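Residue numbers -4 to 94, in the working numbering, belong to the letters of the sequence shown in order.
No lab work stands behind these hints: they were computed from the structure. Among the clues, some could well be false.
Unchecked claim - As a list, the in silico DSS-like pairs of lysine-lysine whose alpha-carbon atoms are at most 25 Å apart: (1) Lys84 with Lys52; (2) Lys2 with Lys84; (3) Lys65 with Lys52; (4) Lys2 with Lys12; (5) Lys92 with Lys52; (6) Lys2 with Lys52; (7) Lys52 with Lys12.
Unchecked claim - Derived DEER-like restraints, expressed as beta-carbon distance ranges: (8) Trp3 with Arg37: 31 to 37 Å; (9) Lys92 with Asn25: 40 to 46 Å; (10) Thr19 with Ser(-3): 17 to 23 Å; (11) Arg37 with Asp67: 28 to 34 Å; (12) Pro14 with Asp77: 21 to 27 Å; (13) Ile26 with Gly70: 30 to 36 Å; (14) Tyr(-1) with His24: 20 to 26 Å.
Because the structure is a prediction, the values reported are computed rather than measured. Using N, Cα and C, we set each Cβ at its ideal position, and we do this for glycine too.
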Amino acid sequence: MSPYVEKWPEAMALGLKHPNAIPTGLMLHNISDQIWHLAGDRSVDITWYMRRSMLVKVYIATELVMINDKSDGFGQTWEFLDRRIENAKMMNDMLDKSP
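Throw the hints in and build the complete structure from the sequences for me.
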């Protein structure tokens, strides 16, 4: 998204407008579902929902950091994302260990 970062806040706002909210939500769900599927997630219990919800939150938060990031090569965004991925791994490990 880096070529569009200047216009991305406007795009995010358009995605939240009433007629666009459901398609935006479906797009975010599809993105997170594809990522988890490619990562090998085959859960069929409540963790399926929890993992996808967690990933959507990371995705949106990273977009918000990116639109405010003035560092070279979006270095602050990459650092933020790396920390969130580590958090997600810890949460995923906890989900895998839960009864």
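| message | Of the numbered hints stated earlier in the document, which are not met by this structure? | response | 2, 9, 11, 12, 13
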